[in-house]
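There are 2 protein chains.
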Amino acid sequence: MEQRVVGVLGAGQLGRMFVEAAARLNVQVKLLDVGDTAPAKQINYLPGPDGKSQHIDGSFADPEKIRQLASQVDVLTIEIEHVDATQLQKVLDDKLVDAVHPLPPTIALIQDKYLQKVHLAGKGLPLAEYVAAGPEDMSKATDSEQARSAQITAVADIGEKFGFPLMLKSRTQAYDGKGNYVVKSADQASAAVAALGDGKRGLYAEKWAPFEREVAVMVVRSATGEVRAYPAVETVHKNSICHTVFAPLRTADPGVEARARKIAEEAVATFGGAGVFGVEMFLMPDGELLINEIAPRPHNSGHYTIEAADTSQYENHVRAILGLPLGSTALKVPSAAMINILGLADSDKDDEAVAKTLVPAVVSLDVPGTTCHLYGKAGCRKGRKMGHITIVGQSDAQVRSRLHIVEEALDKATELAEQGGKLPSELTLPGVVAQNASASASASKAASAPSPKSAADFSHPQPLVGIIMGSDSDLPVMMAAAEILKKFDVPFELSIVSAHRTPDRMRTYARSAPARGLRAIIAGAGGAAHLPGMVAAQTALPVIGVPVKGSTLDGVDSLHSIVQMPRGIPVATVAINNSTNAALLAIRILAAADPSYLDKMQKYMEEMENEVNGKIERLANEGWEYTLKK
Amino acid sequence: MEQRVVGVLGAGQLGRMFVEAAARLNVQVKLLDVGDTAPAKQINYLPGPDGKSQHIDGSFADPEKIRQLASQVDVLTIEIEHVDATQLQKVLDDKLVDAVHPLPPTIALIQDKYLQKVHLAGKGLPLAEYVAAGPEDMSKATDSEQARSAQITAVADIGEKFGFPLMLKSRTQAYDGKGNYVVKSADQASAAVAALGDGKRGLYAEKWAPFEREVAVMVVRSATGEVRAYPAVETVHKNSICHTVFAPLRTADPGVEARARKIAEEAVATFGGAGVFGVEMFLMPDGELLINEIAPRPHNSGHYTIEAADTSQYENHVRAILGLPLGSTALKVPSAAMINILGLADSDKDDEAVAKTLVPAVVSLDVPGTTCHLYGKAGCRKGRKMGHITIVGQSDAQVRSRLHIVEEALDKATELAEQGGKLPSELTLPGVVAQNASASASASKAASAPSPKSAADFSHPQPLVGIIMGSDSDLPVMMAAAEILKKFDVPFELSIVSAHRTPDRMRTYARSAPARGLRAIIAGAGGAAHLPGMVAAQTALPVIGVPVKGSTLDGVDSLHSIVQMPRGIPVATVAINNSTNAALLAIRILAAADPSYLDKMQKYMEEMENEVNGKIERLANEGWEYTLKK
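Going down the list, the sequences are from chains A and B.
Read in order, the letters of the first sequence are residues 1 to 630 in the UniProt record's numbering.
Read in order, the letters of the second sequence are residues 1 to 630 in the UniProt record's numbering.
Do not rely on the hints blindly, as some may be mistaken.
Copies of the same chain look alike in the list, so a pair counts if it fits in one copy or across any two.
What the hints assert, rightly or not - Distance condition first, Cα-Cα at most 25 Å in a straight line; then the derived DSS-like pairs of lysine-lysine:
id, residue 1, residue 2
1, Lys-52, Lys-65
2, Lys-207, Lys-161
3, Lys-615, Lys-600
4, Lys-161, Lys-123
5, Lys-600, Lys-262
Hint data in this document are derived by calculation from the structure and do not stem from the laboratory.
Isolated chain A (complex conformation):
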């Protein structure tokens, strides 16, 4: 494709992953950041006549450097929103570049989180209640002392209105929890204001949002306004920094994922310019989604797209800003997770800071489905983003159990970093891991360890199969299904759902099943035996019915009731009382798409054959009397 040159303000890890995607499309990138060896510059050699790379050495906040970069490229974009939006508008007005993405006014709007909220609220998008704390237009605040006292008064007043705790936020320069202050009572107003710029920066307050979970959606927007959302994901923060991301989002409420995508698309559609945006939301206990904030660029919560989506967020950013067709945002794997590798200590205080920080990366090399991204940062500071690990798998349960190994390594390394301990040699160098039997063995052992479970081992937190029955009197028949699923290492749950006594529960169970990640439901029922059919009527998943034999009619009543479904709603019916076969059928359903279950089922069938062969041999050798010896 024709060489077009893109300039990027910033050359950190986001720029690095952007450069990686751009190179694959023969798109040349020039970077503005300090030094020769910023993460993105390392993987982008742009030799000039003197053999030096033609990136620009300087701050992305320096107006002169921005103009210099602009004059050498066709399109400008950013990897961080804390840039000089005025200067970006100026290079556009001066026609130094063809385009700046996202548009400078969009960047300016998003930079000021209060104005961002005003904008989103004006478009009717859902937000937690918010209000400016102190002067709304800081440029009119004559001095910071005056602003300070106005802010303190405002915080106390807002507390009256919103109640405490309330979230006080700096309007600008806030990220990764910096610039936030949880005000627990009116007494803390002055301390909070002092912590957040002491009258020198604008503030706003948000009503406390006791969210259930945090959700994020990456959205790519073309220059012509087309928007495409990636699947909604769950984000887990620790100390206000993104810790892990899980894709896709799983909820009991089947509509949440689609609602989150719709809100994100609507929000991004309101902004000008092209590119990728990250929309962070709170999922409230009542199912409501509130936008927390928006980033006008690829985002930490979208790293997983490199390995797990048809097109990565970085490639879609490249495509969007160059006016290329947007790529598919669909997941290409059933389940994915991402965990950040954050600095555990400062290099100048602990020689082993980097090595300790990278322990999860070293351990991840032994875990299937993981891809390690290190950012090439030399030094290490506590909390600094040094890399991330993406984990993909055929199910949530598999991804969680893989993640578990990496998290255990992280916990161990964190403990070491905090206690100043010496790193065991098998964890320092990846080269050593392979040669050190004990380290390898422990990782392999961990790899097969089950993920944390709740007390009962028939209630996996990320089940693929649900076993339900109308009454605990069906349990003796249905337990055989649970035994088979356990034998095949299938994560499952088992519960009582009665069509006639708990119709609401049945409805909820059936409707939420796909959103919770289930792939098949086994329902046992006797007599009128409505449960399998009624569940099948309320979910698009395959439902397997087990006719349970009652005290009359030998189970034929249950069989006919389960199998003779009307056209349109099938139930996969197995033999009377044969829940073993129901579980085997569920595993065959999993095997249809997951080769590992196909292998297991083939082995199981071979074992059955061998067992019968054994009996044939005994019969031949010992005569039919052998059956009496048992």
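Position chain B against the provided structure of chain A, taking the given hints into account.
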């Protein structure tokens, strides 16, 4: 992870993808190749004190340059096997580097394809018959004239023994079909020898292998000898250059894939040193696999692993040569394909040579699941590898229909290049595609076009579901299943398989089903109705049974025969004569793993609900008499 420096001989596209993988693990790479802007050098800036990148400018065949590179790195590897193996052994002996991977003797062995065959045959690996043509030890051939005439005589003699045609090959410096000559008769012996070095290079001959398909397996080998194969793939060559690759390999014979992997692992285990090897094989009509040749490095047939496998061949090569744990070689998506972007014309003869060559890449941007890799090569020569496109999808059928769009674009571009036509503007610049409605529309239209089908539309070449029945008398009942599958756009096949009249066919059908890519089988049967259960006994896939109503017993005989399977082998039974539900169940089974089918099923269920709502309304408005109006 600790910075260890790897040196690579060669900086073309293989080196480029190696560098990409290395960067993610913070592994520094120094490259030896001519110029500053070789593909791999572009994405690897290694600034020295003077700001210039510290790669080495020179030929990877130059002994001095190899020594220079060796003295600056810890480990040496190659991206091409046509290197100076003697010199590599020397830098190892001189302890300029810790390791060279693969080992120089391995490289030397593989460089000489005849010695490669002798080695593999000595290890008992399957090969087509071969024999040296002319002097076996060329160093002892005193002059080339003498060698030439010995070769010509040998070719005629070998023809007597192997028959014509036979394949005459240059022992060294052969790749992409260069160095091969198909000798059709004894008359051609002298022309063939003239074409292959005219006595200056050693030759050998192979018995003609009328293979059915070509198969390749990438294998990664650790320094300690552990070998892990990627799934076997099908490779399609055009003009002796790799054209497309399909993963995984699909065959009617269910054992081929595993056998191919086993042979490849055994072959690679015989070589010294660590790294990735590509094993190319012929699949013969009788199911036999013959090794064709082995490449001691990442290979074109493994490009697909970047998007489709847990760990790419490039990352596994990095890991292997550094002694890191090997990564999982499993596919993470159900199906993948790769198509090469080869130069269609020479830049010096056609200004638009590059643009025409990149047409498939431009078009691929609009096709979901595709990832385009361009290698950053400036000029273009006919047949030069300029990039490749990987396509992933939820099924073979989906991948083939996506590939079809790209292949159509390639055909169009090839025609243009051959006829010297002017490229239509909408295909020249990717930026224009998005803005040009007609181009976008045509691509989108193509995206929904079905892949090529055989005459009957119930016989898709890449089916996900098979519908079978014991007799054509069951067709009236079973056609409803076909109609539903068509409505849901499920690729399927429909045929007659009788348990009692064609037991061998039934066995073959059931056993081959997973290897052919099927995910569910619908079997209809009446009376004794053994087909569903007997098929289920011979495949690990889910089998759905449709009891067909006979002339007596109202179908209860069929129902009981199908549903009352013994413990161990389940059949998912649906209502009597209800093949509609069988198809809907098959789609639910696909939906368990593929969200697009889940969406379709949910919509179908909503439509059913709306249809009934419509009737409710008519009943309320028109009274029950409305049913008489139909």
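Hints, verified against the model:
no. : hint               : verdict
1   : Lys-52 to Lys-65   : both (18 Å within a copy, 21 Å between copies)
2   : Lys-207 to Lys-161 : within (9 Å within a copy, 90 Å between copies)
3   : Lys-615 to Lys-600 : within (23 Å within a copy, 48 Å between copies)
4   : Lys-161 to Lys-123 : within (24 Å within a copy, 83 Å between copies)
5   : Lys-600 to Lys-262 : between (40 Å within a copy, 19 Å between copies)
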